[in-house]
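Protein chains in written order, with this note's numbering: chain Y, 1 to 245; chain C, 246 to 681.
Quick caveat, the hints were computed from the structure, so don't treat them as lab data. One or more of the hints may lead you astray.
Taking lysine-lysine and the BS3-like style, the derived pairs with C-alpha atoms no more than 30 Å apart in a straight line are [to be verified]:
id	chain 1	residue 1	chain 2	residue 2
1	Y	K230	C	K614
2	Y	K116	C	K587
3	C	K428	Y	K116
4	C	K614	Y	K64
Partial selection, computed: residues in chain Y whose CB lies under 10 Å from chain C [stated by the list, open to error]:
id	residue
5	K59
6	K185
7	K230
8	M233
9	R236
10	R239
Just so you know, even glycine gets a beta-carbon here, dropped at the ideal spot from N, CA and C.
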Amino acid sequence: MLRYIFDGTFEGLLTCIYEAFYRRQSPDSICCWYQLQEDLISCCTEIRTDQEKADRVLKSIRSKISAKALDHAFHAYLSEIDDIGVWIYRYLKLGWKIGPSVDSCLWEDEVQMVQKAARKTEGECHRMLGLLRFRELQSGIFYAPMGPDHNIVSLLAPHFAKRLSDQPWMIHDVKRDIAAIYDRKDWTIALIRQKKALPLHGDELEFQRMWKQYFKSVAISSRRNLRLQKHFMPSRYWRYLVEKN
Amino acid sequence: MELKNKVGILADAAKYDVSCSSSGSSREGEKGSLGHAVPAGICHSWSDDGRCISLLKILMTNNCIYDCKYCVNRVSNDVPRVMLTPDELVYLTINFYRRNYIEGLFLSSGVFRSPDYTMELMIEAIKKLRYEYNFQGYIHLKAIPGCDRRLLTEAGMLADRMSVNIETPTSDSLKLLAPQKNKEALVGPMYFIKERILEERENRRIFKASPKFIPAGQSTQLIVGATPESDLRILTLSQGLYRRLQMKRVYYSAYMPVVFHPMLPAVEKPPLLREHRLYQADWLLRFYGFSAEELLDYDNPNLDSLIDPKSDWAVRNYHLFPVEINKAEYEMLLRVPGIGVKSAEKILRARRIRALDYDNLKKIGVVLKRARHFITCKGKFYGSTFREEYQLRQQLMPYQAAKKIRIEDGEQLSFFSQILPRSEEQSRFLVRAGEV
Ligand code: SF4
């Protein structure tokens, strides 16, 4: 069994794919080192991330398959679903064989797996565009903590950079200790270890109270349907929702 | 009064307006401005009744000089009356928006003093939002029936969507329940808005930069179950609104017994199942190429309560099936029970590459439980044959029909354990729908 390990970055994954072609190997598994159990480390081939190789793979996906396929691969990678690495590899391999129509070959396992994973990421991202809640901090920064299933913070940032362009904000993925930070000009991704509660702005709680009041008043009691509510808004998201706290 | 309490009262009074959609408009934010609108719309929360919250749906005031029988805000109803100032409204909207609670504002109002006076108040608030705060989020504005055309034009330049509620399916019912409103006051503005949209589109072809007039179009709403009209009547009306007025959406609101009045039916529960079926049928009108006359006729004027309208149509037109999955036109694929727009598109794309068999279909994610009775794959039929129509109907009912319906309807319906002949089914239906 041939197993590649890489550093967990998208460039790393692309480098693995480059190496697989270059070495004429076909790995059975591609995973990043922190997802690996100790005892398996010995039978792994470590792939060092190489920006140049990654860029060549990137270009080749764009020109020989399609921009859409690159999106699928990237979003599938962000899903962080177990073993998605090797499926992305197989999907791209098929893509290089048959070209842009790869995305219509829905009966092929690799196409299905990758598209499904990508859809999960995109779905959660769209949901979070609505469910994210900012709190104004004493410092005037609007702070939004979240704990999503997939690694979506880099997909959320452009939306909020456009929408809330005149206020500084930070979207914090508490699960992964990363955050997107915006300073009214640009946003960047940074590693963050913030466990303590941050001091809120004086008016913040008043707005939270008004929002809770609104949330309560707008429900029609003769149509009460908590199951439907949960269906759209699963309880794992409630922790950071002002109105559900 | 504290702002929080006003919010409570005015949201409570606004909640019977169904629309919360924030779709259909794209406003580009720019550096330094607040907000943008995305064409697909975004839901921000779901309230305890399972409805999506996208916009801050609120009334300017619940003070109203009219006396519509079905409405909590009617003048003869004894409730506390409050009013927001334009500044308060702006303050709320901006601060909710900055926290990502909402996608924008849905502003409606009771008729305070006069239609014009009310409309002017609303416009003042929205002007502040757009010009003083450079707010580029979504705004849905209710047009107050009977207000001046000049105000409609002004409002349309500021809002993304406008709506006038048509309230009841016929003007006779309207006369009965909303004596101060008349058909002209409701439909007149709709035509006017439509003309303005067309005119503005023409202008934009010449002057690219001319301002947009409600880019997300207009919508309307009608109450289901307060008056005796059939589903056929309602769907024919909706069809007309879509075709002639280019309405973006027609919303249906199950009649809710918010007030007691001798002229209104005494219903305990809103007819949610009927409302649900109307939405399904409405969907078929808008996206599936069906016409109201195909779905219902004078002998069957109401939608089936046990199976969805598309399945019902397929049962009645069983002679058109089965269709070959590799040859059927897109329009026909869409008419197969269980195949929706997404599945039909997948099939089209996939069959360009190879002829699909039953397993391929399954693999590409088409749900075949119901569809298999209506299709062939490479000439082979995988469904069952039925001697009687009711057997087929039974196959098309959701597996856990009873359970499902409870979700939609909030009550257990005992008749789901057995199939009743149509007439009896219907009479129960009428009782449940609260028709008088
Ligand atoms: S005009 Fe509107 S707010 Fe006033 S009573 Fe009629 S429906 Fe209610």
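Please name the hints from earlier in the document that this structure breaks, with their numbers sorted from lowest to highest. Numbers 3, 4, 5, 9, 10, in rising order.
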